[in-house]
Amino acid sequence: MAVDKQSITDFFTGLQDRICQALETADGSGRFHEDLWERAEGGGGRTRIIQNGDVIEKGGVLFSAVHGPASDAVLKQMKTTEPADFYATGVSIVIHPHSPLVPIIHMNVRYFELSTGECWFGGGIDLTPHYVDADDARWFHQQLKTACDRHRPDSYSQYKTWADDYFFIRHRAETRGIGGVFFDYLRPADDDHKAALFAFVQEIGNSFAPIYTHFMQKNRALPFGENEKKWQMLRRGRYVEFNLVWDRGTKFGLETNGRTESILMSMPPQANWVYDYQPEPGSREAETLGLLKKGIDWV
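Residues 21 to 319 (my numbering) make up the sequence shown, in order.
The hints are simulated quantities; they were obtained by calculation from the structure and are not laboratory data.
Just so you know, not all the hints are guaranteed correct.
What the hints assert, rightly or not - 27 angstroms max Cα-Cα, derived DSSO-like pairs, lysine-lysine:
(1) K249 - K238
(2) K250 - K313
(3) K314 - K249
(4) K250 - K314
(5) K313 - K165
(6) K313 - K249
(7) K165 - K249
(8) K250 - K165
Work out the full structure, taking the sequences as your base and the hints as a guide.
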């Protein structure tokens with residue numbers, strides 16, 4: 021069966037359902053609340069938010085499928101000036117935990133097509149630990165490498181570098197976290213190629229729940245104190261800076277008149293900024309800052 025926008029959309033709605041169920045089970049007490057919304061120009065989505073669970077302080081698992089005339093900004097992004105309608109669908113996730121020893125995680129898988137016939141896939145998963153643990157980082161990157169190797173051998177290195185470059189806070193000269201994989205504008209050459217690209221995107225999407233529930237269970241009971249919470253608030257501040265200044269998805273959502281509450285659900289419930297903060301030399305905080313850089317070979 022040919023891969024079309026309906027079959028892709030159906031997979032994304034099912035993916036949202038499965039991930040929400042897995043996160044609720046792993047959390048214990050947290051439950052998602054659904055907010056259905058419509059976009060005036062066409063389409064809409066299901067925003068699902070979880071707050072104040074046992075592990076998750078705030079998180080969102082969003083599905084959307086929107087369509088309508090492509091804006092000038094979108095056409096420019098697609099490197100064309102020919103007027104066209106667009107269809108965009110995908111799932112986006114950001115999870116902020118209570119504990120500074122459980123990492124923040126982000127995933128996005130998406131599909132975009134123009135009425136001219138042009139289409140592409142994009143997505144990725146990245147991890148933002150408040151404290152970088154080398155063993156956790158290696159495990160995380162190995163899961164992503166395995167997922168890439170199943171469908172696109174030798175692609176992990178390329179997509180890992182792409183993530184390092186994309187999730188880089190240029191004005192801080194540091195990466196947002198330990199990266200992961202990121203890919204964009206994967207354009208199919210024919211129907212078979214489109215099916216193969218879709219299978220790869222499905223693999224990445226299906227990897228999310230087992231990866232993050234692993235960290236939830238492994239790190240949820242680790243002890244921490246006030247110092248770690250203060251550091252967590254500073255790292256959340258960096259997360260906010262990236263999302264508002266550099267993230268293309270945020271900009272695309274706002275430029276296409278997306279739903280503001282859904283677009284900004286990635287913001288943490290609290291964050292902090294301290295003027296010219298410098299961690300103590302030799303501290304865990306200083307060690308983490310030393311690992312927030314591009315090009316670290318975790319696998």
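Okay, the hints, checked on the actual structure:
1. K249 - K238: holds (19 angstroms)
2. K250 - K313: OK: K250 and K313 at ~22 angstroms, within 27 angstroms.
3. K314 - K249: Cα-Cα ~26 angstroms, so holds.
4. K250 - K314: Since the Cα atoms of K250 and K314 sit roughly 25 angstroms apart, the hinted pair holds (cutoff 27 angstroms).
5. K313 - K165: Answer holds: K313 to K165 is near 19 angstroms, not above 27 angstroms.
6. K313 - K249: Measuring from Cα to Cα gives roughly 23 angstroms; hence the hint holds.
7. K165 - K249: Violated: K165 and K249 sit about 32 angstroms apart, past 27 angstroms.
8. K250 - K165: Not satisfied, since the Cα-Cα distance of roughly 33 angstroms exceeds 27 angstroms.
In terms of the numbered hints stated before, the structure departs from hints 7 and 8, listed from lowest to highest.
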